[in-house]
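Protein sequence lines, in the order shown, are assigned to chains W and R.
Residues in the first sequence are numbered from 1 upward in steps of one, following the numbering used here.
Residues in the second sequence are numbered from 1 upward in steps of one, following the numbering used here.
Hints were generated in silico from the structure; no laboratory data involved.
It is possible that part of the hints are untrue.
Subject to a maximum C-alpha distance of 16 Å in a straight line, what follows is the list of computed EDC-like cross-link-like pairs (lysine to aspartate or glutamate) [what the hints assert, rightly or not]: (1) W:K575 x W:D329; (2) R:K80 x R:D137; (3) R:K140 x R:D76; (4) W:K335 x R:E53; (5) R:K67 x W:D385; (6) W:K90 x W:D429; (7) W:K335 x R:E55; (8) W:K538 x W:D520; (9) W:K335 x R:E158; (10) W:K454 x W:D308; (11) W:K335 x W:D308; (12) R:K91 x R:E53; (13) R:K63 x W:D429; (14) W:K538 x W:D329; (15) W:K166 x W:D329.
Here are the in silico distance ranges between beta carbons for each label pair [stated by the list, open to error]: (16) W:K575 x R:K140: 35 to 43 Å; (17) W:G143 x R:V113: 37 to 45 Å; (18) R:I144 x W:L314: 43 to 51 Å; (19) W:A127 x R:H37: 42 to 50 Å; (20) W:A127 x R:K118: 49 to 57 Å; (21) R:V162 x W:G42: 33 to 41 Å; (22) W:G582 x R:L16: 33 to 41 Å; (23) W:T213 x R:V162: 51 to 59 Å; (24) R:I144 x W:Q137: 31 to 39 Å; (25) W:G143 x R:A128: 30 to 38 Å; (26) R:N29 x W:G143: 52 to 60 Å; (27) W:G143 x R:H51: 32 to 40 Å; (28) W:G143 x R:N119: 53 to 61 Å; (29) W:V203 x R:N17: 37 to 45 Å.
Some residues of chain R that are not near chain W, with every Cβ distance over 10 Å (derived) [as the list claims (entries may be wrong)]: (30) S13; (31) G14; (32) G21; (33) H37; (34) P41; (35) R56; (36) Q64; (37) L89; (38) A134; (39) G151.
C-beta atoms are modelled at their ideal positions from N, C-alpha and C, and glycine is treated no differently.
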Amino acid sequence: MSAEVQTKQAVMEMTPKSQDEKQNNQPMDGSAVLIQGLKDQGVEVIFGYPGGAVLPIYDALYKDPIPHVLARHEQGAIHAAEGYARVSGKPGVVIATSGPGATNLVTGITDAMMDSLPLVVFTGQVASTVIGTDAFQEADIIGITQPITKHNYQVRDVADLPRIIKEAFHIASTGRRGPVVVDIPKNVATEIFVTEEERDAEVNLPGYQPTTTPNYLQIQKAAEAIRFARKPLILAGAGVLHGQAMEELKTLVETKRIPVTNTLLGLGSIAGHHELFLGMAGMHGTYTANMAISECDLLINVGARFDDRLTGNLQTFAPHAKIIHIDIDPAEIGKNVPTEIPIVADSKEALQALLNQEFHAPDTEEWLAYLRGMQEEAPLWYNVDEHEFLPQEAIQMIHRITEGDAIVTTDVGQHQMWAAQYYSLNNPDFWVTSGGLGTMGFGFPAAIGAQIAKPDERVVAIVGDGGFQMTAQELSLLQEMRIPVKVVILNNGALGMVRQWQETFYDERYSQSLIPVQPDFVKLAEAYDLKGYRITKKEDAEQIFREALLSDEPVLIDCRVKMLENVYPMVAPGKGLQEMIGVKSK
Amino acid sequence: MRRVITVTVINQSGVLNRVTGLLMKRQFNIESITVGHSEQPGMSKMTFIVHVEDERKIEQLLKQLQKQIDVIKVNDITDKAIVMRELALVKVVSPPHARSEINSIIEPFRATVIDSGKNVVTYQVTGAPEKIEAFIDLVKPYGIKELSRTGATAFTREIQKVNSPQLSILK
Ligand SMILES: Cc1ncc(C[n+]2csc(CCOP(=O)(O)OP(=O)(O)O)c2C)c(N)n1
Ligand SMILES: [Mg+2]
């Protein structure tokens, strides 16, 4: 039995077997209703951490198990749930206790909100009778999470619970995905639930009807605009992945011969090696992708939100382009960039409708040849160092060994940008990174969630020495649940991205960005009974990576890389996309 | 730009917080908010008066409000024919010798005296916010001891002028 197969089993075995006699005759309480509700939603795994206010829920889970991943910190649990959601497309489910348990989730909830990941988060709450009295472990999590959730609920009456569970899953996983918090006071979890009618209560959300079908007139206009464009460009964002519109995107790109670029979160929506793919755009995008945006006469944005890291200075963004913007969230259209052709719709439905127009392909051969020339002129580059191993070389080596087929999660920093630039993805939904919030500590727990979602795939977590230490406690899970994640620490002895900005914009004043003392990461792995590797010489790298990455076991690789390496090319803050620095010039 | 926006919401706990929180998060400058039950059971109606720089900003506001799960309907009624009313309670310094003078100059406002003491009179005045402003300006020289305004509530009239000017995004 392979390690991958064992993982799923290990997850299943985490919780004791269900008592066979189903307590059908016994009246259900709020907790039992919750567990039943989760099962009805098809929840296959919960990421959580127990505590006083959720004791009744954990007791119900004991009696009527759903596989549960006991993270070692609530932040680990929620990032794992995000990784699970990103890779599987299903909502990640989290349970935490009241007060500190709930507040420990705040970063993950915000992260999921920014990157439109579906999460349903259950928090315990003190009993209704003492809410508002500053009771032990009371926190106003509804107030706290109001601006960082798609929606949130406090359950006041156990009779509402079945409907609220259904609504929470519905809201989280439809329209523009996002996190929903359900706060359950302890007494509600133990109250006896009575009527069938309430159990069957359906979703009732008159104020929530996301538009998924595009407006026909706008689709016609879009087709017309593409038909007559000379220099069209597609910007594909995470909306393509959320809407599973990869096939439609590929067809549009290939049949109309339109070049395509990605946002950081859109990577994988088109294969990294596709001949019409220009690489990622934005602050650390490729020169060609950014120049294509600056020079195109038609920009077709599919499911990207024109984030500032993508656009650079808005004054000079896509100055010659007519803009088509397809987005499921009407509020994103026109928010940052004036849009001529707005299309509020699910990405898949919109692209299908567009393809159904059967219009002639524009003549783009000259444009494509021009861009190809630019790609040859100014490719991604780095100067190989005689002695020191470069982080870019490490990523390319990981790519070669895993043949571009691994699920890659990253943390936040230089290594994240290098992974985005050099790990060319073969598959969609194999890229898990924190884009909007840029959350250090995300990458490693997200890999755990991704591996649980896809036990048969190879999952590589590419993390920095700084960020890894923010959630390193989750190493416990790799051993305990036999989760064969490969943790690669690109160890530059620095908070590299901060150091790079200090080098470039603050005259090399490295204020608090160098990490002189670090744990022995190999020993740390060993302390958790895991296999640890260290790469200190560039000559050894290939062999060590090969052994570690191709193993069926969880491993940690402390890969020492050059400290003073910078991510290039770059659009400096406040500059336009056409003003990149660090571009290779022949 | 001063815009008048009405919002119909499901009357659930936290909904007021959610809507005002949204305005704060997106840095909208609110002049007033009123909220109360509407003709439909379980629904409340809010009226906001906000100041925004441009059309783009007001479009964002409307869309962000519309996105809230508890929000049923959002309307920018600024350019429509509307009825808009606000109520103010104004406690004015009014010694016996000045009282009749004050009463006569505010006569056109049809304010009602709802309380009086030896040296103060409390007036209740209703009308469009501009009328309230004018009333306040008028009594200010006598001395205002206390002032409390409800903020405006509004809705559209039955008969609309044809071709009233509208923001392009609202068409
Ligand atoms: C939680 C959090 N705190 C601080 C930051 C700011 N920050 C962005 S990148 C970075 C450095 C990351 O260092 P490391 O994890 O070693 O990655 P490297 O850049 O060296 O590859 C920091 C501190 C952040 N993104 N997230
Ligand atoms: Mg580092």
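Checked hints:
1. With a C-alpha separation of about 28 Å, the suggested pairing of W:K575 with W:D329 is violated against the 16 Å cut-off.
2. Proposed proximity of R:K80 and R:D137 is contradicted: the alpha carbons are some 28 Å apart, above 16 Å.
3. At roughly 33 Å between alpha-carbon atoms, R:K140 and R:D76 are farther apart than 16 Å, so this suggested pair is violated.
4. About 14 Å separates the Cα atoms of W:K335 and R:E53, which keeps this hinted pair within 16 Å; it holds.
5. Pair hint R:K67 plus W:D385 does not hold up; C-alpha atoms about 52 Å apart against a cutoff of 16 Å.
6. Pair hint W:K90 plus W:D429 holds up; C-alpha atoms about 12 Å apart against a cutoff of 16 Å.
7. Taking the CA atoms of W:K335 and R:E55, the gap is near 11 Å; set against the 16 Å cutoff, the hint holds.
8. As the CA atoms of W:K538 and W:D520 are separated by approximately 19 Å, the hinted pair breaks the 16 Å bound.
9. Taking the CA atoms of W:K335 and R:E158, the gap is about 33 Å. The hint is violated against a cut of 16 Å.
10. Proposed proximity of W:K454 and W:D308 is contradicted: the alpha carbons are some 32 Å apart, above 16 Å.
11. Proximity of W:K335 to W:D308 is assessed by CA-CA distance (about 11 Å); at most 16 Å being required, the pair is judged to hold.
12. Among the hinted pairs, R:K91 with R:E53 is inconsistent with the structure: their alpha-carbon atoms are about 35 Å apart, more than 16 Å.
13. Of the supplied pair hints, the one linking R:K63 and W:D429 is violated, its CA atoms being roughly 29 Å apart against a limit of 16 Å.
14. Of the pairs offered as hints, the one joining W:K538 and W:D329 is violated, with about 47 Å between alpha carbons and a cut-off of 16 Å exceeded.
15. With a CA separation close to 22 Å, the supplied pair W:K166 and W:D329 exceeds the 16 Å bound.
16. A C-beta distance of roughly 52 Å is found between W:K575 and R:K140, which places it outside the suggested range of 35 to 43 Å.
17. Taking 37 to 45 Å as the suggested C-beta distance range, the pair W:G143 and R:V113 conforms, at roughly 42 Å.
18. Separated by about 46 Å at the C-beta atoms, R:I144 and W:L314 satisfy the suggested range of 43 to 51 Å.
19. Look at W:A127 against R:H37: about 30 Å separates their beta carbons, and that is not inside 42 to 50 Å.
20. Separated by about 53 Å at the C-beta atoms, W:A127 and R:K118 satisfy the suggested range of 49 to 57 Å.
21. Under the hint 33 to 41 Å, the C-beta atoms of R:V162 and W:G42, about 54 Å apart, miss the expected range.
22. Evaluation of the 33 to 41 Å hint for W:G582 and R:L16 yields a failure: the beta carbon distance comes to about 50 Å.
23. About 32 Å separates the C-beta atoms of W:T213 and R:V162, a value inconsistent with the hinted range of 51 to 59 Å.
24. The hinted window of 31 to 39 Å between R:I144 and W:Q137 is violated, with their beta carbons roughly 48 Å apart.
25. Between W:G143 and R:A128 the CB atoms are about 35 Å apart, so this pair conforms to the stated range of 30 to 38 Å.
26. For the pair R:N29 and W:G143, the supplied restraint of 52 to 60 Å is violated, since their beta-carbon distance comes to about 23 Å.
27. Distance hint for W:G143 and R:H51: a CB-CB separation of about 26 Å, inconsistent with the stated range 32 to 40 Å.
28. W:G143 and R:N119 have their C-beta atoms about 44 Å apart, which leaves the hinted 53 to 61 Å range violated.
29. Range check, W:V203 to R:N17: Cβ separation about 23 Å, and the 37 to 45 Å hint is violated.
30. Interface exclusion of R:S13 from chain W breaks down, the closest Cβ pair being 7 Å apart, not more than 10 Å.
31. Here R:G14 does not stay apart from chain W, with its beta-carbon only about 6 Å from theirs, under the 10 Å limit.
32. Some Cβ of chain W comes within 10 Å of the Cβ of R:G21; the nearest lies about 5 Å off, and the non-interface call is violated.
33. Once the 10 Å rule is applied to beta carbons, R:H37 is consistent with being away from chain W; the minimum gap is 17 Å.
34. In this structure R:P41 is separated from chain W by more than 10 Å, as the shortest Cβ-Cβ distance comes to about 13 Å.
35. Non-interface call for R:R56 relative to chain W: violated, since the shortest CB-CB distance, roughly 7 Å, does not exceed 10 Å.
36. For R:Q64, the condition that its CB be more than 10 Å from all CB atoms of chain W is violated, with the nearest at approximately 5 Å.
37. R:L89, annotated as away from the interface, keeps every beta carbon of chain W farther than 10 Å; the closest lies near 31 Å.
38. A cut-off of 10 Å between C-beta atoms confirms that R:A134 is not in contact with chain W; the least separation is 38 Å.
39. Listed as outside the interface, R:G151 is consistent with that label: its C-beta sits roughly 22 Å from the nearest C-beta of chain W, beyond the 10 Å cut-off.
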